[in-house]
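K.L.:
Here the structure of chain A is known, so what remains is to put chain B in place on it, guided by the hints.
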Amino acid sequence: MPEPRPGFFARMGGAFGAFWRTLTDAEFAAQLLRLRRGELPPPPPAPLLKAAGPESALQLLGLLQGSGRLVDFLQEDVTAYTDTQVGAAARIVHEGCRKVLEEYFALEPVRQEAEGTPITVEAEFDAATVRLTGHVVGQPPFTGRLAHRGWRVARINLPKLAEGHPVEILAQAEVEL
Amino acid sequence: MTAPSYAIGIDLGTTHCALAQVDLARSEGDEVALEVAPLPQLIAPGEVQARPLLPSFLYLPHPEEISPADRGLPWGAEHPWLLGELARERGAHTPIRLVSSAKSWLCHPGVDRRAPILPPEAPPEVGGISPLEASVAYLTHLREAWDHTHPEAPLQEQLLTLTVPASFDPAARELTAEAADLAGLRVTLLEEPQAALYSWLQATGGGWRRQVRPGDLILVVDVGGGTADFSLIAVAEEEGVLQLHRLAVGDHILLGGDNMDLALAHVVASKLAAEGTTLDPWQLRALTHGCRSAKERLLGGGAEEAIPVVVPSRGAKLIGGSLRTELTRQEVAEFLIEGFFPGVEVSARPAARTRVGLTQFGLPYAQDPAVTRHLAAFLGRQERAATHLPGSAPEGAGFLRPTAVLFNGGVFKAPALVARTLEVLNGWLAAAGEPPARALQGADLDLAVSRGAAYAGYVRQGGGVRIRGGTARAYYVGVESAMPAVPGFEPPLQAVCVAPFGLEEGSAGAPSPQQFGLVVGQPVRFRFFGSTVRRQDRVGDVLEAWSPEELQELGEIEATLPPEGRHPGEAVAVRLRTTATEIGTLRLEAQPLVGEERWRVEFDVRGGEGG
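Here the protein sequences come in this chain order: A and B. With this note's numbering as the guide, the letters of the first sequence map in order to residues 1 to 177. With this note's numbering as the guide, the letters of the second sequence map in order to residues 1 to 611.
No lab work stands behind these hints, which were simulated from the structure alone. Using N, Cα and C, we set each Cβ at its ideal position, and we do this for glycine too. Where hints are given, some of them may not hold.
[Claimed, not checked] From chain B, some residues computed to sit far from chain A (all C-beta separations above 10 Å):
| id | residue |
| --- | --- |
| 1 | T15 |
| 2 | E78 |
| 3 | W81 |
| 4 | E334 |
| 5 | L429 |
| 6 | R460 |
| 7 | V479 |
| 8 | L493 |
| 9 | Q522 |
| 10 | R534 |
| 11 | D537 |
| 12 | R566 |
[Said to hold, decoys possible] Below 20 Å or equal to it, Euclidean Cα-Cα: the simulated SDA-like pairs (lysine to any residue) are:
| id | chain 1 | residue 1 | chain 2 | residue 2 |
| --- | --- | --- | --- | --- |
| 13 | B | K317 | A | L158 |
| 14 | B | K413 | B | K317 |
| 15 | B | K317 | A | Q172 |
| 16 | B | K413 | B | I307 |
Extracted from the complex, chain A is given alone in its bound form (with noise of 0.2 Å):
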């Protein structure tokens, strides 16, 4: 969004202002100096950052727990019991959270090829999909080894919530009559 163009007043009182500020002040004067050379970047824009809603996040827990008990999972502790007692409840877990990804998000590695294996990363690659770690110096076209394959979700099919519905309570107290 542009800013609002100073009118005539504002404008002279700031070319007084700007007068004996670059008399007295040598940065100020430096400042301005490379502005008229056209060399001053533009103020970087202030990072946007949104609070990701609350349903759907919750909603995908609820659908962890419903299905995989992944809640249940978590909040207990594990330092009390055996590797074979935690393995057969990561079993439920494993079974149940992978269904859930599999149901709702169609998910594909962003590399194709195998993991270990060099690979290239072009000039004008998406920073934001491919991280280049260790000895990262030098242009681009980077080569390196695929360390990790990556995932992407390609399509994401959640259920449908009803209005109102309590997405809060990611599983009801159950009471058998």
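P.N.:
Okay, now just chain B, sitting in the frame of chain A:
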């Protein structure tokens, strides 16, 4: 009514419903635009998702159990029940409110299928609905779901094909057609094994003409969640064009994948019991679910010797409260493969079911779990089904010899079960000196029936080869022979043929030469029989004696002459006439010797009253 835009196939299954569509405008010859329609349904309170399958479960919730907002569907319909995934999930925890296998109840001759008998163990407060109403509810959901996404092409204006088991008797077919009618849909019925074959034909994109030859006998083995269904379809050539004829269908066998999962769960539960752990019903259901996944892994070509099965805790303590056990390859081989698909001789027959009283309550599940024994019985009974075809085995061959097999139903997702069934069948063929039967490849086991039914509708429009067959049974009315009464002896029963085998859809049989006396204003009931093997009988033929293999007794039929224009109590002589209707049901009519009147003879679906 506008011209239909789609040919639609509806699979009203015992455990799942599905709906597939052929876009008629985008289809031409073997190029068919066929898709499975997603079915929106509640998957949890307040959560709606479209899935390809609608579980055939209906749940009658307590008024306080789930709020109206949380049970709303996108099209705003309000029903006193829940359907689909949420119904199945709720019902697993509260079985007294769950209606399942409504389709098996719909063809149960021993119960009144218009009475609110479901759920069978429901306390009076739950209410209950009839098998017919449950079927109407599933079809209504399909209609509402379709109309919601296709407002421009309402379902009732499309070309609809609804599938039924090949073994369904005329009364069950009639009820299915009635259910569709009550749901506002006008359908044509199609036998499920035929639908599976149609799906295969379509999937080959015309290539099937190279995969089968004239003289081939295709055996369709369809084992779904709740039922096993067999059919035989012959390939013939007429004037250079390949034709398909359905020759024979099997009995109604209530045996399917659910029985197999339950059997494995009991095996594992008894192992846990030996270790001192007994499971409550909730845990047993969870175990059944776990066994199903483990079975699929073990039979799906995995190399493991054992798959862990974990019964989750009921409460929040998942790690501390879960039970771990395992299902071994050995157990699956012993209890599933040897139990349900044993290697038996072709002369083997299923353990005989003791004749149940018609008033018995509960579904008449197959007494013998061996699918291969039921198959042997089917091929043995139908040994003469193909003798009229050139090149087939001579009479007295002992069993009918198929040359190809099409597998259908979720059970055959396990390659090991396909392999075992083929191995047993080919063992029989090899012993008889015949070449092995080959498996026809490429069927989509869960959705083939709905896809095939949609394609069949397209074919009826002239888009491809149609499977012919007509009625798969001859029908008989039981009459007492006229003889002096002897105290203590029932007069012997004769069976009079009223409809021949293979009556084509849309054609009427001859009126019976025999006359039957009806009394005006009073319902008169007849015993009614069907035969899947007596192909030669004509209308009016009288059987004095028959084996239980030959004739099966069906529910009774009932005729009532309206009193209009007659004196109550007056006796009228009528002939019976049978029509195979265009939509795939059987219509029985009484017509007086003189005059043009016709009275409908009804199938008894109230169960038990005269039995």
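K.L.:
Does each hint hold? Answer for all of them.
P.N.:
These are the hints, each one checked on the structure:
| no. | hint | result |
| --- | --- | --- |
| 1 | T15 | 18 Å, holds |
| 2 | E78 | 13 Å, holds |
| 3 | W81 | 17 Å, holds |
| 4 | E334 | 24 Å, holds |
| 5 | L429 | 40 Å, holds |
| 6 | R460 | 34 Å, holds |
| 7 | V479 | 55 Å, holds |
| 8 | L493 | 52 Å, holds |
| 9 | Q522 | 49 Å, holds |
| 10 | R534 | 50 Å, holds |
| 11 | D537 | 53 Å, holds |
| 12 | R566 | 58 Å, holds |
| 13 | K317/B <-> L158/A | 28 Å, violated |
| 14 | K413/B <-> K317/B | 35 Å, violated |
| 15 | K317/B <-> Q172/A | 15 Å, holds |
| 16 | K413/B <-> I307/B | 18 Å, holds |
Hint violations for this structure: numbers 13 and 14, all remaining hints satisfied.
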